[in-house]
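Residue-level listing of the chains:
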Amino acid sequence: MAKTHLTPSNPFKEVSMMGKFLRPYFYLFPAFFFLAIFTYFPIFRSFYVSLFRWNTEYPQKVFIGLRNYVDIYNDLLFWKVVKNTFFYSTSTIMVSMCLALLLALLVNRKIKFVSFYRASLFYPNLMPMVAVSLTWLWMYNPGYGVINYYLSKLGITPIEWLNDEKIALWSLVIMAIWKNVGYFMIFFLAGLQTIPYDLYDAARIEGANIFQKFWHVTFPLLAPFTFFVFIISIVNSFQSIDQVYIMTQGAPNDSTNLFVYYIYQQAFRYWNMGYGATLTALLMIFLLSLTLVLFRFLGGRIYYQA
Amino acid sequence: MLVPLAWTISSAFKSRQDLLSLPFHWIPREFVFSNFAEAMEVAPFGQYYLNTIMIVFGLLFIQLITITLAAYAFARLRFPGRDLLFFLFLMQLMIPAQSVVVPNYLTIRNLGLLDTKIAVALPYFASATGTFLLRQAFKSVPRELEDVAAIDGCTGLRFIYYVLLPLSKPAIIAFSIVSIVYHWNEFFWPLIVTDTPNARVLTVGLSILGQSIESSPDWTLAMAGTLVVAFPLFLVFVVLQRSFIQSFMRTGLKG
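Just so you know, the protein sequences line up as chains C and Z, in that order.
Throughout the first sequence, residue numbering follows the working numbering, covering 1 to 306 in sequence.
Throughout the second sequence, residue numbering follows the working numbering, covering 1 to 255 in sequence.
Isolated chain C, as found in the complex (with noise of 0.2 Å):
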């Protein structure tokens, strides 16, 4: 180990000066050449192209200025659409978080089968979106989904899932939840085991009862990574469509569309690429200021830390 003090004359280390200076660069252009082409340039793109009429009827593309956006604004279907992913979303990651901190509180003790919970809470996270959507498709069918068959068993009249326009939104939040919790509960897992125990023994030397060690000591320490978990959780969800796409179609009357199936409609079902671009630049505007907000408020400590 003593050696380490000869490096400096090391002659494998003489490289030019510029190349020294351009090394790091060629390490990182690999991979910021394809963010570059497909997560950088899109953004640009699709701001672009929202300048302009292109669709079916006018296949070369026409400069219109912001007449798309002025159209988006006195979109009746778009403002449902942003009502719908934001409720879609933000019910279905607080309820899952809720209910997977609950279980990672229960699971996270000597409880026999332990292994067998995490794997039966876990398993909905590996299945496609698309398999999972057929499942729950055929689980509410109204005449001989197995849910409706409990149901009726409590007496309950059959419940018209996902043809029932106050109730097709929740049928997919629940979905949701359900492929979700498990994920969130691994997490909340992994986060209470890094709690030292001396804060919890502290605790209840101070006569703490066991709402104010999770108020003061658990929730506390879970929060900050919670909190980031959760901005990108709900970024994710914004661009629920598989399920969409395999059970509804967004139907019924529009209830269950949700931001990325309506781009999707507009872009590839009716061909009008200006409209769906400038849905895409709206997207863009909101998930940007959201990142701004998460560094804003995360100061970067979470992937900087170490």
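Bear in mind the hints are in silico, worked out from the structure with no lab data behind them.
Don't take each hint at face value.
[Said to hold, decoys possible] Just a sample of chain Z residues kept apart from chain C, beta carbon distances all over 10 Å, derived:
#1 28
#2 43
#3 44
#4 54
#5 61
#6 70
#7 141
#8 166
#9 169
#10 172
#11 186
#12 196
[Unchecked claim] Estimated spans, in silico, between C-beta atoms of each pair:
#13 110/Z <-> 270/C: 16 to 24 Å
#14 151/C <-> 115/Z: 41 to 49 Å
#15 270/C <-> 142/Z: 55 to 63 Å
[Stated by the list, open to error] If we take Cβ atoms under 7 Å as the criterion, some of the chain Z residues that face chain C in the derived model are:
#16 20
#17 187
#18 230
Quick reminder that beta carbons are idealized off the backbone N, C-alpha and C, glycines included.
Using the hints provided, position chain Z relative to the given structure of chain C.
Frame of chain C, contents of chain Z only:
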């Protein structure tokens, strides 16, 4: 939590009359295995399996190269603009590929790559999650080791290959599992850029199977297809439960 799985399995083995006969029962009156063979005939699932495997593993190989190089630069080198570039990498987490499907579709079309396997994988060649994960792992390798390796002429790429990577196995395994799961299950982007069986993946095949249902409600086939698509990951999950769960814990994120 297990009801949907049991329901899928139960339906997949029932005959059509059995499925719709009341009262409802969990155990099929008679186990029908031909549902699987029939489901495989509705769409060329053999081809889809092959495509999915090629895309998922080919993509993983390329991702491992790009993220290793980038993670090395972020973890072990100092250079102007590092923080800014790091921030730009982080942005990928906030702009999921799904949200930029319209412009990316146009790019793929301009490149003449529509309906190819490479189009399905291309937007994911670089991965922010993977870069961060490996960066953490690379950072934990002591600097002395780098100095010692340098004496033996082991610098740059050779240092990465012979020293950093072997020492970062857990992080690499974690990323690989998460990447495989994510791309095995991915649906929307492949749906948009593929048109014919030679590039389609399993999830798209399953959705075609699901749509053929609307005309004649044939849930036995759809449930059999669901099992066919989800089975490989399930099998690996049951065998490697611990490392699967730990991988998702480590990455803290999907993709």
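Hints, one by one, checked against the model:
With a least CB separation of 14 Å from chain C, residue 28/Z remains clear of the 10 Å interface cut-off, as annotated. Non-interface status of residue 43/Z relative to chain C is upheld: no Cβ of that chain comes within 10 Å, the nearest being about 13 Å off. Even its closest Cβ contact with chain C, about 17 Å, leaves residue 44/Z beyond 10 Å, as expected for a residue assigned away from the interface. Every Cβ of chain C is farther than 10 Å from the Cβ of residue 54/Z; the closest lies at roughly 17 Å, confirming the non-interface assignment.
Every CB of chain C is more than 10 Å from the CB of residue 61/Z (nearest about 13 Å), matching its label as outside the interface. With a minimum CB-CB distance of about 4 Å to chain C, residue 70/Z fails to clear the 10 Å threshold, and the non-interface call is violated. Look at residue 141/Z: its CB is around 13 Å from the nearest CB on chain C, clear of 10 Å, so calling it non-interface holds up. The Cβ of residue 166/Z lies farther than 10 Å from every Cβ of chain C, with a closest approach of about 19 Å, so its non-interface assignment holds.
The claim that residue 169/Z is not at the interface with chain C holds, since no C-beta of that chain comes within 10 Å of its own (minimum 19 Å). Distance check for residue 172/Z against chain C: the nearest CB is about 16 Å away, which clears 10 Å, and the non-interface claim stands. Not every CB of chain C lies more than 10 Å from the CB of residue 186/Z, the least distance being 8 Å, so the non-interface label is violated. Non-interface call for residue 196/Z relative to chain C: holds, since the shortest CB-CB distance, roughly 17 Å, exceeds 10 Å.
Distance hint check for residue 110/Z and residue 270/C: the Cβ-Cβ separation is about 21 Å, which falls inside the suggested range of 16 to 24 Å. Between residue 151/C and residue 115/Z the C-beta distance comes to about 45 Å, which sits within the given range of 41 to 49 Å. At roughly 59 Å, the beta carbons of residue 270/C and residue 142/Z sit within the given window of 55 to 63 Å. Taken as an interface hint, residue 20/Z checks out: its beta carbon lies about 6 Å from the nearest beta carbon of chain C, inside 7 Å.
Taking 7 Å as the C-beta contact cut-off toward chain C, the hint placing residue 187/Z at the interface holds, the least distance being around 5 Å. Using the Cβ-Cβ criterion of 7 Å, the hint placing residue 230/Z at the interface with chain C is satisfied: the shortest such distance is roughly 5 Å.
Checked against the numbered hints listed earlier, the structure breaks hints 6, 11; every other hint is satisfied.
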